[in-house]
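Go ahead and model the full structure; you've got the sequences and the hints to work with.
Number of protein chains: 2
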Amino acid sequence: MNFEYYNPTRIVFGEGKIAELNRLVPADAKVMVLYGGGSAERNGTLAEVREALGNRVVVEFGGIEPNPEYETLLRAVAEVQAHKVDFLLAVGGGSVIDGTKFIAAAAEIEEDPWQILLKRGANIQRALPLATVLTIPATGSEMNSGGVITRWEKKAKLSFGNPLLYPKFSILDPQKTLTLPERQMVNGVVDAFVHVIEQYLTYPSGAQVQDAYAEALLRILIEDAPKLLAEPKNMMLRENIMWAATMALNGLIGAGAVQDWSVHAIGHELTALYGIDHARTLALVLPGLWKVRREAKAEKLLQYATNVWQLRDGSEDERIDQAIANTEDFFNALGVGTRLSDYQLDAQVADTVAMQLTEHGLTKLGEHGDITPDVAREILLTRV
Amino acid sequence: MNFEYYNPTRIVFGEGKIAELNRLVPADAKVMVLYGGGSAERNGTLAEVREALGNRVVVEFGGIEPNPEYETLLRAVAEVQAHKVDFLLAVGGGSVIDGTKFIAAAAEIEEDPWQILLKRGANIQRALPLATVLTIPATGSEMNSGGVITRWEKKAKLSFGNPLLYPKFSILDPQKTLTLPERQMVNGVVDAFVHVIEQYLTYPSGAQVQDAYAEALLRILIEDAPKLLAEPKNMMLRENIMWAATMALNGLIGAGAVQDWSVHAIGHELTALYGIDHARTLALVLPGLWKVRREAKAEKLLQYATNVWQLRDGSEDERIDQAIANTEDFFNALGVGTRLSDYQLDAQVADTVAMQLTEHGLTKLGEHGDITPDVAREILLTRV
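Just so you know, the sequences run in chain order R and L.
Residues 0 to 383, numbered by numbering that gives the first Met the number 0, are exactly what the first sequence covers, in order.
Residues 0 to 383, numbered by numbering that gives the first Met the number 0, are exactly what the second sequence covers, in order.
Just so you know, these hints were derived from the structure itself, not from any lab.
Where hints are given, some of them may not hold.
Same chains, same label: a pair holds when it works inside one copy or across any pair of copies.
[As the list claims (entries may be wrong)] DSSO-like cross-link-like pairs, simulated, lysine-lysine; straight-line CA separation at most 30 Å:
no.	residue 1	residue 2
1	K167	K363
2	K118	K167
3	K167	K29
4	K154	K363
5	K154	K226
What follows is the structure in structure tokens.
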């Protein structure tokens, strides 16, 4: 076990914590507040932010899309420069935060900002300081240093990361999730769930703390998400889901662990091609990956069956089958489809995605580097 | 659930990582290397440190005791000033690291350094940067901002903390634990175990992530420690115990959780009075605390019985009894006594400790503030 773990983001968790912006943001900062659609305005979150920051806000930039779009973010960079902004505050979910990270780097880079995505962030030397007010528990972007940007023109959805992009702080107020549509809350749960899986369900490496933490997060999401659909005002459930989603991708369960990430790579192509919600692409791909890679992942699938689903009866094969079926049932019970037909797609998709993966150079995915575009095709064909 | 979590310490984990000091410490730093007894010299750790740092080392300071002594640390502060040291590197376990944190603060404070302990660190405005090479998995000091200092002259063992005292980085090389005497390895396990318990076994607060992480750490320590006594060269066990001990007190399981810490407060008096190893005082006090506070802690004791010891049969009372007995058996099987007689002490100790707690103003301990010196006496009387 060899790893480096470093995460300097300050988490400020709890009801009413937006008022703390006044303490957390330097008094002389020139702040750009970034947000997505109109929900942060409608539900009063932006008003709270404006009140806490006062005249530190020199410009606001709204309209960052789900799957934040490269061209939109470049417009924000121009505004940053025009207003001499020196602090970025993202108010929203993973898309707004990822977009803000890209802006923080693009505003300070000498070369063409597109190079940030081609080089996955390795060329970032400086970045504006950024912080977040999280409104959608899902991606974990509020406590990590990475992001994913889409450029529709190139049908590309590319990730980047750099330690300079850790938020200085993130405010997590579970009350702010109360106005989220059920669909977004559910997407967040599925996204967090698959983040954990990508860092856990590979092959045994003896990392007991990381494994046990991953299993804990999975159990919490499995237990709490259906309860939340039944009791949407239950704040204890919202608190735990919010914190679990942050912990799912803040580097800790992944430190020294063998990682997969092929579900995300295939899912990104589905979003870029057909506009399917990110989380739903993951729920679609994951059961297929497990069916096709069942043998290579057998030991960890069995551990998952035992420690997450408490399956102890039947043969090892039966328990693995049951764990895969339970996972699919879990997604379906949240209203998330796990078949191509649920998204009005058919078997042809498999070829198209395989071609796109090849085009994007994503030809050796997974923990063994053996998820080729052909294997991805096979995975998607199980989803018909 | 309301909390702030911030932990900027970089963890560099794995075999041979001491060589990374060359990258991690600024090239122009004037480093003091601090250590304890002669073991870091004898087992070659100091030689590795010196080689990696080269002429950055301007002075070494050895001889920091277990339960680091105030007067010793003041001598180090004088050396820091004489050599214009600007970076402290602790090579050792919790005592060396805690002592180094105190030195980092004392070297920069205007008032009498004793005020740091009287004010528990709240008066620290600046501190020298510090980092650690951990050789004993136990206290978690390598990834937190607190410490405990002893002043024998006053029979006082006092804690302090300040966010300025987070190590910049900590190198955790599990190989370095191979030369530890079994007694120290065992003490480390018990110390980490009780750190988790102090942040977990109070009353239910609905913090599911924190609870599940705490339970995971307890299960790992319970499973791995006896195995390590049987197979002392098993590196996988050493890796997991080392990382679990760090995670036990880095703020994460305690964020937003109800905390106790009365076991430590009572234990510190036993160490200050009789020189008993810190971890052993904890093993002695804990079962007594649970017997005396069984009712107030019943819900969490039952959760502990279920989730940590997998006890599902029998009445609730029986399961709680069994969990307490299992815990004591766990300590005893590691060779750690849980009775006063194991330390050649008798019932009189109860009165003496109660008096010392009163003298140190520690009269309202525990999660409800109702562990008075009288209750502490009662706890110790169960340990005869």
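Quiz item: Failing hints, ascending?
Solution: Checked against the structure, the hints that fail are numbers 1 and 5, while the rest are satisfied.
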